[in-house]
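The listed protein sequences correspond, in order, to chains H, W and R.
With the first letter of the first sequence counted as 1, position 22 gets the number 23 in the working numbering; the numbers rise by one all the way through.
With the first letter of the second sequence counted as 1, position 83 gets the number 84 in the working numbering; the numbers rise by one all the way through.
With the first letter of the third sequence counted as 1, position 37 gets the number 38 in the working numbering; the numbers rise by one all the way through.
It is worth saying that the hints were derived from the structure and are not from the lab.
One or more hints might be untrue.
Treat identical chains as interchangeable: a pair holds within one or across any two.
With a straight-line Cα cutoff of 30 Å, these simulated DSSO-like cross-link-like pairs (lysine-lysine) come out [said to hold, decoys possible]:
1. K112 x K98
2. K140 x K112
3. K150 x K132
4. K140 x K7
5. K7 x K150
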Amino acid sequence: MQEQKKLSIISFSGDFDKLTAVFTLATGAAAVGYEVNLFFTFWGLDAIKTKQGRSAVGTGFLPKIFGLFMGGLKSAPVSRLNFGGISPLIFRYLMRKNNVATLEELVEAAKVLDINFYACEMAMQILGIGKPNLIPEIKGVLGVATFLKLADGGQTLFI
Amino acid sequence: MQEQKKLSIISFSGDFDKLTAVFTLATGAAAVGYEVNLFFTFWGLDAIKTKQGRSAVGTGFLPKIFGLFMGGLKSAPVSRLNFGGISPLIFRYLMRKNNVATLEELVEAAKVLDINFYACEMAMQILGIGKPNLIPEIKGVLGVATFLKLADGGQTLFI
Amino acid sequence: MQEQKKLSIISFSGDFDKLTAVFTLATGAAAVGYEVNLFFTFWGLDAIKTKQGRSAVGTGFLPKIFGLFMGGLKSAPVSRLNFGGISPLIFRYLMRKNNVATLEELVEAAKVLDINFYACEMAMQILGIGKPNLIPEIKGVLGVATFLKLADGGQTLFI
Chain H
2 MQEQKKLSII SFSGDFDKLT AVFTLATGAA AVGYEVNLFF TFWGLDAIKT KQGRSAVGTG
62 FLPKIFGLFM GGLKSAPVSR LNFGGISPLI FRYLMRKNNV ATLEELVEAA KVLDINFYAC
122 EMAMQILGIG KPNLIPEIKG VLGVATFLKL ADGGQTLFI
Chain W
2 MQEQKKLSII SFSGDFDKLT AVFTLATGAA AVGYEVNLFF TFWGLDAIKT KQGRSAVGTG
62 FLPKIFGLFM GGLKSAPVSR LNFGGISPLI FRYLMRKNNV ATLEELVEAA KVLDINFYAC
122 EMAMQILGIG KPNLIPEIKG VLGVATFLKL ADGGQTLFI
Chain R
2 MQEQKKLSII SFSGDFDKLT AVFTLATGAA AVGYEVNLFF TFWGLDAIKT KQGRSAVGTG
62 FLPKIFGLFM GGLKSAPVSR LNFGGISPLI FRYLMRKNNV ATLEELVEAA KVLDINFYAC
122 EMAMQILGIG KPNLIPEIKG VLGVATFLKL ADGGQTLFI
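Using the sequences and the hints given, assemble the complete structure.
Rendered as C-alpha cells:
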C-alpha cells in the first residue's frame, strides 16, 4: 500500500492573493487525496479568526492596534496594486464572474475536505491572540518542533 | 542508476528581485542536471507573457486595469525600495557592471536549459489571460493537482 | 541508525517579521536535532552583516544607496503595517512583554545551536557586499548548485 502524500503550508501572509494561493493549493491537494496541514502564523492568523475574534483581539493596547489592521478575511489586502482597498473587491468580482471559487468558499471547502488547521503558539503570544479568538476548526496550537514533525516526509511551503 | 533530482517553483510574485531569484535558482539547478518545473501563477504570469500579451491582456474592463499594471518583465518592480521605478534599473546596471546575468538573460537561459514552464489555469481565468498572451515555450496550462504530481519527489518552493 | 533530518531556508527577505520567522523555524528545528542550513540572499544578507559592514557596505556609489537602506537587523522593517518605522519597535516590545525571544536573541541562539550560515555569492556581487562585511560565523559564500547539494534530502523553504 502506498503511503498518503502530504502537503504542509506555513501560512504567514495576511494578503488576500497569498491566502487565496494557500487555500487553492490546500484544497487542490486534499481533493486528490493528500494529507494537508496548514500552520497559520503572524498575519496569516487573520484567516482563522472568528468574527468576534477579529474585533475582540488582544488584551492590551498595542495588540489592539495590530488587531485594528487585521480585520479578518473580508478586509485582507492584496499584496500588490491595492488601490486603496479596492483591489480585493475587483478580485472577488473577477472570481465570481469567471466561476472561480472565492477565498471564503475555499476556506469552507478546506473545512469539508478535512484539511488540518493549526495555529502558531509564538505568534499568538506576540500578537495577543487567544484560542477563543480562533475558529473552532483549529486542531491545535503548536510550536515549530511539533509542526516540523507533522510536515515530515511531505512537501512544505512558506507563503 | 540514480534518479534525476527535481526542483519545482511556484512563481507567484511579479517583483523583479523575486523573479530574479526564481530564474537564478531554476537555471542553477538545471545547470547541474536537475529537472526544473516552473509554475507561474498570479503576478508571476507576468514573466511569461508575450510582448503583445502584455498590452492585449484581458477581455473585459477590469482585467485591463490589472493588465495596465502588469506590463511584463521590463516593468517588474522591486519588492522593496522601489524609488518610484528607478530601483530595477539600478539592479540591472549593477548586474551588468558585476557581470551577473540579467533577468532577461536568465529567462533566455531557462529556455535553452529545457526548464519546463507551466501556467496556472485558475489565475489565468481570474486575471483574464488567455494562452495566446503567453510565450510559446509554455508546456502546459495546469491546475494544482497536476502540478503537485509533477513536483512529487523533489524540492518545491513558493516564491 | 536514522539519518539526521534537515531544514534549509533561503532567507531572501529583509523584513523584520520574515527574519523572525526564519530564525524561529531555524532554532526550533535545531533544538530538536535537525541539521539547519540558512542561505542568505538579497535583502536577507542584511541579517548577517557586521555593524561595520552595515555602514561600510559597497564599493561604488549605487551599492551605497542600497546600503543606506539596508541598515542591518536593528532597522529591519515589518513587511506590513510599518507605520513609518514604529512597528518593529512594537513587535520588540510585545516579544519582550510576552517573554518571547527577540530577533537578536534568536540570531544569537542560532549561532550557539550550530546552525550553518551561508551567503549567496551572486547577491553579494550585485549589491557590492564583500566577505569582510559579514559576521565571522558565515561558513561559506556559495552559489545555487552548492546550496542545492547541501539542502538535498531535507525540507527547503523560501522566505
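Results of checking the hints against the structure:
Within a single copy, K112 and K98 get their C-alpha atoms as close as 24 Å, which meets the 30 Å cut-off; across copies the closest is 34 Å, which misses it. In this homomeric assembly, K140 and K112 come within 30 Å of each other (Cα to Cα) only inside a single copy, at 11 Å, whereas the closest approach across copies is 33 Å. Proximity of K150 to K132 under the C-alpha cut-off of 30 Å is restricted to the intra-copy arrangement: shortest distance 22 Å within a copy versus 36 Å between copies. Both within a single protomer and between protomers do K140 and K7 lie at most 30 Å apart by alpha-carbon distance, with minima of 17 Å and 26 Å respectively.
Proximity of K7 to K150 under the C-alpha cut-off of 30 Å is found in both arrangements, the shortest distances being 12 Å within a copy and 12 Å between copies.
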